[in-house]
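Student: The primary structure of each chain is shown beneath.
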Amino acid sequence: DVKVTQSSRYLVKRTGEKVFLECVQDMDHENMFWYRQDPGLGLRLIYFSYDVKMKEKGDIPEGYSVSREKKERFSLILESASTNQTSMYLCASSLGIAGPPRGEQFFGPGTRLTVL
Amino acid sequence: DQQVKQNSPSLSVQEGRISILNCDYTNSMFDYFLWYKKYPAEGPTFLISISSIKDKNEDGRFTVFLNKSAKHLSLHIVPSQPGDSAVYFCATNNAGNMLTFGGGTRLMVKP
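Chains as they are written, first to last, in our numbering: chain A, 1 to 116; chain B, 1001 to 1111.
Everything labelled a hint here was simulated from the structure, so no lab data went into it.
Remember, predicted model here, so these are calculated numbers, not experimental data.
Among these hints, one or two may not hold up.
Partner residues aside, some chain B positions facing chain A, computed with beta carbon under 8 Å [to be verified]: (1) Tyr-1039; (2) Gly-1043; (3) Pro-1082; (4) Gly-1103.
The list that follows gives simulated cross-link-like pairs (lysine-lysine, DSSO-like), each with its CA atoms no further than 30 Å apart [to be verified]: (5) Lys-1068(B) with Lys-1037(B); (6) Lys-3(A) with Lys-1071(B); (7) Lys-57(A) with Lys-1037(B); (8) Lys-3(A) with Lys-71(A); (9) Lys-53(A) with Lys-13(A); (10) Lys-1005(B) with Lys-57(A); (11) Lys-1005(B) with Lys-1071(B); (12) Lys-71(A) with Lys-1037(B); (13) Lys-55(A) with Lys-3(A); (14) Lys-57(A) with Lys-71(A); (15) Lys-1054(B) with Lys-1068(B); (16) Lys-18(A) with Lys-55(A); (17) Lys-55(A) with Lys-1005(B); (18) Lys-13(A) with Lys-70(A); (19) Lys-57(A) with Lys-18(A); (20) Lys-1068(B) with Lys-3(A); (21) Lys-1037(B) with Lys-1110(B); (22) Lys-1110(B) with Lys-57(A); (23) Lys-1037(B) with Lys-1054(B); (24) Lys-1056(B) with Lys-13(A); (25) Lys-55(A) with Lys-1037(B); (26) Lys-1037(B) with Lys-1005(B); (27) Lys-1005(B) with Lys-1054(B); (28) Lys-18(A) with Lys-3(A); (29) Lys-1056(B) with Lys-1068(B); (30) Lys-1037(B) with Lys-1056(B); (31) Lys-71(A) with Lys-18(A).
All residues carry an ideal CB built from backbone N, CA and C; glycine is no exception.
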């Protein structure tokens, strides 16, 4: 079974703090993704990476950055946390072009971040 | 502009009856359509998918129907069980690495 783990389930930070969210997958997947989930808005893509040291902006990258130094690890960084970044953050991974064409992604359990 | 829409934020169904969750999309170029299920405090898990060249795919109690002319997708759960209570997301794939998700529908199955 694919396992995607996230470093924290719940996190409380103060406005202006730098926040690191870590994600690790154990199935040698090429692709990794960071989403945020907000009620009624579904899952919105923040950033994704299709290879080590490669990153691409998603739909809502403002206020975020990412790092992928190793294939299994993908980090999301909030440079200066703001209250509107309070959300559920979900990490996912998938095989690259060699994977099934439906492009199924495997998700971690999520991190509920609250910014005060 | 949302490319994938789930217009019903919630749905309540009696145990044993059919649950029908709907999804509309705007881009005709999508190749695959997926449904994910999400329990509270857990990540979404893949449920079922359908290729754009098909109009129906069935897996046990779950059936997905695709109406390409209407750009409409639906998930049928028969019979519904209390354990099916969750948020369901539809998602589309246009042959790349990316999925585009709808806003989700919260299904509540009452015993």
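Student: Hint by hint, note whether the structure agrees.
Tutor: Going down the list of hints, with the structure as the test:
1. Taking 8 Å as the C-beta contact cut-off toward chain A, the hint placing Tyr-1039(B) at the interface is violated, the least distance being around 10 Å.
2. Interface hint status for Gly-1043(B): upheld, as the beta-carbon distance to the closest one in chain A is roughly 3 Å, under 8 Å.
3. Because the closest C-beta pair between Pro-1082(B) and chain A is about 22 Å apart, greater than 8 Å, the hint is violated.
4. Look at Gly-1103(B): its Cβ gets to within about 4 Å of chain A, closer than 8 Å, so that hint holds up.
5. Restraint check for Lys-1068(B) and Lys-1037(B): the C-alpha separation of about 23 Å stays at or below 30 Å, so the hint holds.
6. Proposed proximity of Lys-3(A) and Lys-1071(B) is contradicted: the alpha carbons are some 34 Å apart, above 30 Å.
7. Straight-line distance between C-alpha atoms of Lys-57(A) and Lys-1037(B) comes to about 26 Å, which keeps the hinted pair within the 30 Å bound.
8. Straight-line distance between C-alpha atoms of Lys-3(A) and Lys-71(A) comes to about 14 Å, which keeps the hinted pair within the 30 Å bound.
9. Restraint check for Lys-53(A) and Lys-13(A): satisfied, since their Cα atoms lie roughly 27 Å apart, inside the 30 Å limit.
10. Annotation: proposed proximity of Lys-1005(B) to Lys-57(A) holds, straight-line Cα distance about 22 Å (limit 30 Å).
11. The straight-line distance between the Cα atoms of Lys-1005(B) and Lys-1071(B) is roughly 11 Å, inside the 30 Å bound, and the hint therefore holds.
12. A C-alpha spacing of about 27 Å is found between Lys-71(A) and Lys-1037(B), which places the hinted pair at or below 30 Å, so the restraint holds.
13. Between the alpha carbons of Lys-55(A) and Lys-3(A) the distance comes to roughly 22 Å, so the proposed pair stays at or under 30 Å and holds.
14. With a C-alpha separation of about 18 Å, the suggested pairing of Lys-57(A) with Lys-71(A) holds against the 30 Å cut-off.
15. The straight-line distance between the Cα atoms of Lys-1054(B) and Lys-1068(B) is roughly 9 Å, inside the 30 Å bound, and the hint therefore holds.
16. For the given pair, Lys-18(A) sits about 20 Å from Lys-55(A) by alpha-carbon distance, which is consistent with the 30 Å threshold.
17. At roughly 27 Å between alpha-carbon atoms, Lys-55(A) and Lys-1005(B) fall within 30 Å of each other, so this suggested pair holds.
18. A C-alpha spacing of about 26 Å is found between Lys-13(A) and Lys-70(A), which places the hinted pair at or below 30 Å, so the restraint holds.
19. The hinted pair formed by Lys-57(A) and Lys-18(A) meets the criterion: a straight-line CA distance of about 20 Å does not exceed 30 Å.
20. Between Lys-1068(B) and Lys-3(A) the alpha-carbon distance is near 34 Å, which puts this suggested pair outside the 30 Å criterion.
21. A threshold of 30 Å between alpha carbons decides the hint, and for Lys-1037(B) with Lys-1110(B) the separation of about 18 Å falls inside it, so the pair holds.
22. A hinted pair counts as satisfied when its Cα atoms are at most 30 Å apart, and Lys-1110(B) with Lys-57(A) does not qualify at roughly 41 Å.
23. The straight-line distance between the Cα atoms of Lys-1037(B) and Lys-1054(B) is roughly 22 Å, inside the 30 Å bound, and the hint therefore holds.
24. The hinted pair formed by Lys-1056(B) and Lys-13(A) fails the criterion: a straight-line CA distance of about 46 Å is larger than 30 Å.
25. Proposed proximity of Lys-55(A) and Lys-1037(B) is supported: the alpha carbons are some 27 Å apart, at most 30 Å.
26. Distance check on the hinted pair: Lys-1037(B) and Lys-1005(B) sit about 16 Å apart at the alpha-carbon level, within 30 Å; holds.
27. Among the hinted pairs, Lys-1005(B) with Lys-1054(B) is consistent with the structure: their alpha-carbon atoms are about 21 Å apart, no more than 30 Å.
28. For the suggested pair Lys-18(A) and Lys-3(A), the alpha carbons sit about 27 Å apart, so the restraint of at most 30 Å is met.
29. Proximity of Lys-1056(B) to Lys-1068(B) is assessed by CA-CA distance (about 11 Å); at most 30 Å being required, the pair is judged to hold.
30. Our distance criterion of 30 Å between C-alpha atoms is met by Lys-1037(B) and Lys-1056(B), whose separation comes to about 19 Å.
31. Restraint check: the Cα-Cα separation between Lys-71(A) and Lys-18(A) comes to about 23 Å, which is no more than 30 Å; the hinted pair holds.
Of the hints listed earlier, those the structure fails to meet are numbers 1, 3, 6, 20, 22 and 24, in rising order.
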